[in-house]
Amino acid sequence: MPDVNLIIDGHAVSVPAGTNLVEAARAVDVSIPVFCYHPKLKPVGMCRMCLVEVYTPRIDPATRQVVLGPDGQPQLALMMNKLQPACVTPVSDGMVVKTTTEKVKFAQRGVLEFLLTSHPLDCPVCDKGGECPLQNLTMQWGPEVSRFDYSDKVHFEKPIKLSDVIYLDRERCILCSRCVRFQDDVAGDSVLGFDNRGRSWEIISKSEPGFDSKFSGNTTDICPVGALTSADFRFRSRVWEVRSTPGVCTHCSVGCNISVDARHNKLMRVMPRENDNVNEIWLCDKGRMGMRFIESPTRITKPLVRHNGKLIESTWDDALNRIANNMASVAERSGSTAVGGVIADDLPNEDLFAFRKLISETFGSANLDHRVGLPGDAAIDEAPLVAGVGVDTNLTNLGKGTNVLVVGADVEEEAPVYVLRLRGIQNRGGSVTVVNSFATKLGRGANLDVRVKQGGESAFALAFLKQIVDAQNANGFDRRLRGFDELRNQLNKYTLDVLLADAGVSAEQLKKVVDAYMGASNSIIVYGRAARQIGASISQNLASAAMVTSKCGKANNGVIALSNANTIGATALGIRPGKGGASASEMWDLAEQNKLRALLLVGVDPAGQSERVAQALESVSKNGFLAVQAMFHNETTKRADVILPLMALAERDGTITNAERRVQRFRTAMASPNEMLAPWKVFSTVAELAGVGASSNGRTAVTSGWDYMVTSDVTDDIAKSHRQFANITYTSLDLTMNSWGRQANESVYYDGTSYTNTEGNGVQIATIADDASAPLTVSAVAPVTFEPKGEFTMLMQVPTRAYNGGTWSIDSKLASRQIPAHVIISMADATRWGIGVGDEVMLSSPVGSALIRAQIDKGLAEGQVLLPDVAGAPTHLALGAYTRVSVRRAE
Amino acid sequence: MLSAFFKGLGTTFKYLFKKPVTVEYPEVKRPVHERFRGRHQLQRFANGMERCIGCSLCAAACPADAILVVPAENNPEKPNSPGERFAARYEINMLRCIYCGYCEDACPTNAIVLEHQYELSFYDRKSSIYDKSMLLVPVDKGHGDIPPVLQQLDRRPSPPAQIDL
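As given, the protein sequences belong to chains A and B, one line each in that order. The first sequence runs contiguously to residue 1091 in our numbering. The second sequence runs contiguously to residue 166 in our numbering.
Misleading hints may appear alongside valid ones.
Stated by the list, open to error - What follows is a list of derived Cβ distance ranges for each label pair:
1. B:C101 to A:E313: 28 to 38 angstroms
2. A:S346 to B:Y119: 35 to 45 angstroms
3. B:R90 to A:G210: 50 to 60 angstroms
4. A:S351 to B:C101: 23 to 33 angstroms
5. B:Q118 to A:D349: 33 to 43 angstroms
6. B:H34 to A:D349: 32 to 42 angstroms
Rather than coming from a laboratory, the hints here were simulated on the basis of the structure. Glycine included, every Cβ here is placed at the ideal spot set by N, Cα and C.
Please model the entire structure based on the sequences and the hints provided.
Rendered as structure tokens:
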């Protein structure tokens, strides 16, 4: 847009047309106080705090020309002959704005005096006190005294529980509507509203249960007073007493930047930290309130070793020696193939790297995995590393001309903050297409919501690729594209009609999806759990589509896979079965056959999810050696020979890779109980101990290269040994840029809450497509189809739920939101089998059956069954992305 | 020579008949001024509720970082203090304290007051930390009424003048 020139308080400003005066003034460090205005929300001009004098050149009504004064300069006229609210006044050429005149000051003092007539001034007991815009603005712009009677104020009963996690103090509220607008515009959950009028005007929750949104915590951040406060931080400490440490949330693959606020080594609260590349300034409730587990008294804080069948407390030295000796001796006696390791893919890069080094180099075993080895596991997915979104992708800047295609993902449940980011793209003029087999929240608000048949995702992905390839001519391609002709031949084997029938999508719908994708200048494909479970037939085909259309390898184009916090890192760092090695599920088979005798499990609980794995682990423990590193006791630790406590992320430092391949650094916020060792340190000590025996009894274990002193030594080693990570160092991760909170008095500005990020935006590792000389191989993968058979007439999916009752829910205020185990069936099936809402049903699959409560969803097709993946749900019945099941009334 | 001897003794005799300035501490204690700043006390309201609302402003004002406040939420059935918040822990390290009285100034409810007790000595450093039970005055020693801002009121301001149309 063309730039507009104006003068604000004597400073010449040049900003794009359409900018409002508050933002224009910020560009020259002029502070205009605001309450209701927020740069992430649409301005409404409700609070009148930003009133300024605006002069525009006088226009002669007859000639439409600017009237010039005697000095040759345009004559100025006060706009509307009164003060104007700066937040809703766009800039125009020749404008002269005055923000410090007596008239303006008089208005500002008046606004604050009025606001304070009904504000209780209970700052000493208010959780916002110390980071409160009302306090700050009153100090800088307010009147010294009030003419109103201090003891004659509105007093409401306080506080009102809007939900279990958000409390509303009505007498503190200044009715700026920031929370209402956030919920309506940004989050898309219109659960807040205004009630009554005049002095009785108040915020209410319109939903049941109250304030039913996954993003409710953000309203406490943007609230310019202490009206909305979080139950999680309620009266825990004053905000100036906490010490903030930059962290990264690991509940999902977004990798939101957080600041862990601790006091006296106790967690006080978790706040979002600004990073436009990742989470803007938002954080979901799970990230904000799901970290209380680290102070749980049930945590394992000391190593435990099995002695005569009983687990007894031990020292780190003893436990590590046992692990080293047992694993080394198994490797020696039964060969390295009898050793295996599984590590959780939400642990930092350093742990994953050291783990791979320990298992594959020290013990020489290729049995390595980051998945738990259950039927629902996703395949190892290379697509994000090949055709992932290009380096410098920033969803916050995307809008017009952007299309996001979401396939097989329930974004709100799998990666909540992506909903805000994708909705943001939509709000700025971009489009979102959702292709899923059941209705999702993102789909409801999407520009195009395509419902595929159950199990039809993979046929859809191939149809999508075919439609694109058929329309492409071979010229004008990226020169490095390899295998296009083969791809075309492969695709010729399929007819579009059959694929569309398999997908349950009409040709028009597919055309719309393809047109939206092809027509946009920036196109992103997002896929999630359902797609990853089905595997390469979705990820590879979608990645091929991105490569064929050259919609990858450049910023703001490519694929994003929603997964666990560090799945991308685990894939990139090679936490996968090596040549001839066994994957996790193969390891359980080997264990049953007594071929796997030493196993190291870090942060995973496969036994808790499968009876068969539990027995396999039992046999490893009986015939060999099972070491488990875990935070809490679970089914797996019950069978362990040695249990090591696992550190929480807030207790250590390191780096982690998010869904967009952004490597981000987090730091130690508090000390761990009983001085635990970080996993990488455990692995390096075990490696060294296992190697100590080498000289004495002739073992040939590799012991060199384990001289890590601090975490960054491991990070540096990753940079040395993995080309993608070459430029990842603590120094490069610490660079901060593109933050809006950079002005001198930002706290006075938008919010008192400090989002400030001075600790780095992180660095995106490059994809193969980002390398302009690397060849891109495209190929098509045959679609996987799922058909009901025999007595199992329905197809069941196990979708993710954010509030699933995992570790995060321990001691969390959100525990009440946890979803009870239930199965969702369609209206048609419910009628057919006489099942009502809340009835107990028998859910049977080829591997067993379980009793569970039923819910009915009108949006589901006949034969479609959803079993939300929450604690207590019989997920062991699932055999993959889709499972044939039957649902009957329980007798 | 002799005159100097008598001059000296003269001073002795002069003071022999004057009232002595020393007191026989610790049997006799010298009174302190009204605004003397000695050992702290946590006050109560007349109804026996703690005045301290756990706001930590005293700790923020303290130049010696001698005060620790850990707040908590009142049980509405049986509140410790008026309003929603009270001090679950309140500790002053008397060795750190410099008796400047800034905490008194910062206190919004006049809960912390530097009283006249000045005999503070300890056998070990740990016992220099005075906790809430040592600092609080007895329940019957409260004074003053609870200000409206701390009360759970459901009250609209006095109605505007009714206009008879």
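A quick look at each hint next to the structure:
Roughly 34 angstroms separates the CB atoms of C101 of chain B and E313 of chain A, a value that falls within the hinted 28 to 38 angstroms. Remark: the range hint 35 to 45 angstroms for S346 of chain A to Y119 of chain B is upheld by a beta-carbon distance near 41 angstroms. Checked against the hint of 50 to 60 angstroms, the C-beta distance between R90 of chain B and G210 of chain A comes to roughly 53 angstroms, which is consistent with it. In this structure the supplied range 23 to 33 angstroms holds for S351 of chain A paired with C101 of chain B, their Cβ-Cβ distance being about 31 angstroms.
Between Q118 of chain B and D349 of chain A the CB atoms are about 39 angstroms apart, so this pair conforms to the stated range of 33 to 43 angstroms. Hint check: H34 of chain B to D349 of chain A, Cβ distance near 37 angstroms, so the stated range 32 to 42 angstroms holds.
This entry satisfies every hint, going by the numbered hints stated previously.
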